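A.B. asks: Chain residues, written in single-letter form:
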Amino acid sequence: MADKIYRVNMNDLSFKIEEVPQEWMGLGGRGMTSTIVAAEVDPECHPLGPNNKMVFAPGLLSGTIAANSGRNSLGAKSPLTGGIKESNVGGTSAAIFAKLGVKALIIEGIPEDDSTFYHMHVTRENVTIEACPELVGKDNFEVLDAMEEKYNKKVAVMTIGRPGEMKMLISNISVRDPKGKLRSHGRGGLGAVMGSKKIKVITVDAEKYKETELADPTKFKAANKVFTKALKENPISGEGLPAFGTNVLVNIINEAGGLPSMNFRSGNSENAEEICGEHMAENIEARGGSTTHGCHAGCVIQCSQTYNDDEGNYLASGFEYEMIWAFGANYGINDLDLIAKIDHLMDDLGVDAIETGVAFGVAAEGGLVEFGDGEEAYRILAEEVANGTPIGRIIGSGTGNIGKLYGVVRVPVVKNQAIPAYEPRAIKGQGITYATTPMGADHTAGYAVATNILNSGGYIDPLKKEGQVELARNLQIASAAVDSTGMCIFVAFPALDDPACLPALIDMINARFGINLTGDDVTNLGKTILKTEHEFNLKAGLGSADDRIPEFMKYEPLPPHNVVWDFTNEEIDAFWDF
Amino acid sequence: MPEMIDVTVKLFAQYRKDNFKVEVRSYVQNTIARDIIADTGIPIERFPIGVLMVNGRHVDENHALNHGDTLSMFPKVGGG
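Note that the protein sequences, when read in sequence, are chains B and W. Straight run, no breaks: the first sequence in this note's numbering ends on number 578. Straight run, no breaks: the second sequence in this note's numbering ends on number 80.
The hints are simulated quantities; they were obtained by calculation from the structure and are not laboratory data. Among the clues, some could well be false.
For lysine to aspartate or glutamate, the following EDC-like pairs were computed, each having C-alpha atoms within a straight-line distance of at most 20 Å [what the hints assert, rightly or not]:
#, chain 1, residue 1, chain 2, residue 2
1, B, 527, B, 573
2, B, 225, B, 211
3, W, 10, B, 282
4, B, 198, B, 113
5, W, 21, B, 274
6, W, 21, B, 573
All of these numbers come straight from a predicted model, not from anything done at the bench.
So that you can see chain B by itself, here it is in the shape it has in the complex (with noise of 0.2 Å):
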């Protein structure tokens, strides 16, 4: 049976099914949010208010047997940026979208009796919308642990905690993972936007379990094998994810001098030893717990991990570089542990580690709390933001806004989003990125540090311009276009350095519809993604002057190479020369 569009009305509680018109039949992921949310969002409406819409879709290949196809988009208008937001997340909500035949769940309006939160269903050719007033105020786990006594374990739950009811702009949508554990549409503030719509958990079952059809199994196969070897083979995807985890990447961040530390005072950490992912696999070995864990069935990398504390007791899971970066090096805590125990409580909250974190640095610099506080950060987090206080609502309004508030002038955003853990002055390939990539600082949006930094598809050198407003175009409109087939963003290590690795992509592709795409198709597809986002951009008043670094960058050099940001406006316009 062919792919649908489920809608859903929040303003009367309805819902539809529709056929996919036929210039979306090639799209899945980032690519089908982000047309989707072009066509049918006004750019100039309020992000929070009932002209905004939520838009989920499974990648190309989500559904399937491909490895690490797991990756489930969702787009909107951003309340933290004010553009277009895409955010994939792992778990378990694409596949189980992608095997109940839906091509993109829309969600628009807000109910009219707004006194309450709703709980929505997805069947097959069925959503059910019922109030869930028992539920409200509940943070993640017990929505998880509510959900899985209500259904079968096999359900897909989408969840927002308090501070996401509250519409705050770290809040995140939190997704459960095949083990029971939480992964995150992390940035952009889209559990804010869930929120408005009142509605605080989408479960998804697909009664039947089984793969989706392929059009050509043989050939799927075939492709899915030479794939798989790519990924395990490759010493980055195959080796160094498993045993170390994406918290590998503080220490050589930190020698490269790019790892911003004290609020992107400094590319040095002085605590780099002690939160570092050889740290942190020493603690796994010793304490029990696991360097290898999946967020999503049919993950072949292994690059989450179960932390455990020094009594084996478990703290936290996908703990991951970007958290212990914001809360070790740059708002300077020292024990991986109490990093680990703040993870967890952010991700019952359901708030972005990246936007939280940095959110801490700059309220450090303006003195709401002291750098490296960490059982202050703990207590902020559990009672002021889970809460809602004064000062909670202060943190929960995310990095650009407490700078405002404080007249904090070092403030690292880009759109008014947190730029995560990379130094764009010293890895100026990925400041590119930053200023450019239509969804505000994200890093994932083309990973110029895999060129500048790893010697990955090459090397460009990080503290020169040359080359890098190229390299950064080119790994965009590739990322676009892998955001678009469900799979998970390390699959560009191979990809990058290994040739066999994308045409498998592309066969699958090819395999699973009947269609016969080639890399320039892909490569055109990625392109057209990126403009769509940024039309969307300009008509919503985020112009050139909003692909900037901030202006402290280019006047502050940054230890120990003491590098400005030394682009001209110029320089980074001519991105869109494309």
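Mind docking chain W on chain B? Use the hints.
C.D. replies: Chain W only, in chain B's frame:
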């Protein structure tokens, strides 16, 4: 006697197994990175060199070290 130089050698990721994390080591003037790699005994057949840095800048294995340099050795690593 050839002139000796001190080089701070740092090992990362898989290279730390059964080896040091950071050590100041003495070499003759103009020793290149490849010779220091061999001297540390890190398992480059199993985990080939991914990134070499001297004082936080990328170099290749023919780079000659000076007194006071820091040489950092990484196998292929990545994340995001």
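A.B. asks: Now look at each hint and say whether the structure bears it out.
C.D. replies: Hint by hint, here is what the structure shows:
{"no.": "1", "hint": "527(B) to 573(B)", "result": "holds, 16 Å"}
{"no.": "2", "hint": "225(B) to 211(B)", "result": "holds, 17 Å"}
{"no.": "3", "hint": "10(W) to 282(B)", "result": "holds, 17 Å"}
{"no.": "4", "hint": "198(B) to 113(B)", "result": "holds, 9 Å"}
{"no.": "5", "hint": "21(W) to 274(B)", "result": "holds, 13 Å"}
{"no.": "6", "hint": "21(W) to 573(B)", "result": "violated, 43 Å"}
Checked against the numbered hints above, the structure violates only hint 6.
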